[in-house]
Amino acid sequence: MENNNNEIGIRKVRVRISEIIYSMSEAEKRNLLKGLEKWQQSTLSDNKIGTKEVHARISEIIYSLTETEYRKLLKVLEKWQQSKPVDKRKHFRKLTSIYAICETTHCYFRDFIKNISTGGLFIETGIPLSINQELFITFSPSDSGDPIKIAGEIVRRDPKGIGVKLYDTIPGI
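The sequence shown begins at 28 in the working numbering and counts up by one.
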């Protein structure tokens with residue numbers, strides 16, 4: 028019976044490792060592969076191999092691990108996953124470059140929306156704006172579309188621009 032319990036346990040470990048790896052970006056998977064190969068004293072990877080080869084090599088290394096190594100890898104991956112910032116966005120973002128006319132109670136400017144979702148957007152700008160400031164935005168999502176006028180609140184500011192949470196959702200984005 029103990030062997031059966033160990034088999035169930037190792038299956039859960041393998042599934043959890045797969046879930047974590049599936050959630051990684053391509054760059055994170057390449058870094059994982061480098062770490063695994065270092066762990067295995069192997070140096071087969073380089074940046075010239077394709078996505079499929081990265082996935083295949085990760086799988087090959089992982090499935091050659093002992094149960095103890097599996098458990099150790101799971102601890103490392105879970106620690107890595109917990110250290111990542113939580114994405115608070117509720118909606119998928121679409122990368123774009125849309126000309127926008129923006130207005131606050133104190134200024135008027137024109138810049139570009141760099142990503143957009145139904146609930147928010149990021150405007151690339153050098154204008155010094157404040158968090159919690161209300162912003163009115165007018166833009167056309169396509170050349171033939173009618174302009175959209177929408178309002179939101181600045182919730183994030185960084186050197187490249189501002190993140191705006193919209194008061195209403197944008198239909199069709």
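Calculated from the structure, these hints are not laboratory results.
Glycine residues also receive a C-beta, built at the ideal position from the N, C-alpha and C atoms.
Watch out, some of these pointers could steer you wrong.
[What the hints assert, rightly or not] Here are the computed lysine-lysine pairs in the PhoX-like style, where the Cα-Cα straight-line distance is at most 20 Å:
id, residue 1, residue 2
1, LYS106, LYS65
2, LYS106, LYS56
3, LYS102, LYS39
4, LYS39, LYS106
5, LYS61, LYS39
[To be verified] For each label pair, taking beta carbons as the anchor points, the in silico distance ranges come out as:
id, residue 1, residue 2, range
6, GLU55, PRO198, 30 to 40 Å
7, SER169, THR78, 45 to 55 Å
8, ALA54, ILE154, 28 to 38 Å
Within a Cα-Cα threshold of 20 Å, do LYS106 and LYS65 meet the stated pairing?
-> holds (19 Å)
For the pair supplied as a hint, LYS102 and LYS39, is the alpha-carbon distance within the 20 Å limit?
-> With Cα atoms ~13 Å apart, LYS102 and LYS39 stay inside 20 Å; holds.
Hinted pair LYS39 and LYS106, Cα distance within 20 Å = Roughly 17 Å separates the two Cα atoms, so the pair holds.
Hinted pair LYS106 and LYS56, Cα distance within 20 Å = Roughly 15 Å separates the two Cα atoms, so the pair holds.
Take a look at whether the Cβ-Cβ distance between GLU55 and PRO198 falls inside 30 to 40 Å.
-> holds (34 Å)
Do the Cβ positions of SER169 and THR78 conform to the proposed distance bound of 45 to 55 Å?
-> violated (31 Å)
That 28 to 38 Å hint for ALA54 and ILE154 (C-beta), does it hold up?
-> holds (31 Å)
20 Å Cα cutoff - pair LYS61, LYS39 | violated (24 Å)
Of the hints listed earlier, those the structure fails to meet are numbers 5 and 7, in rising order.
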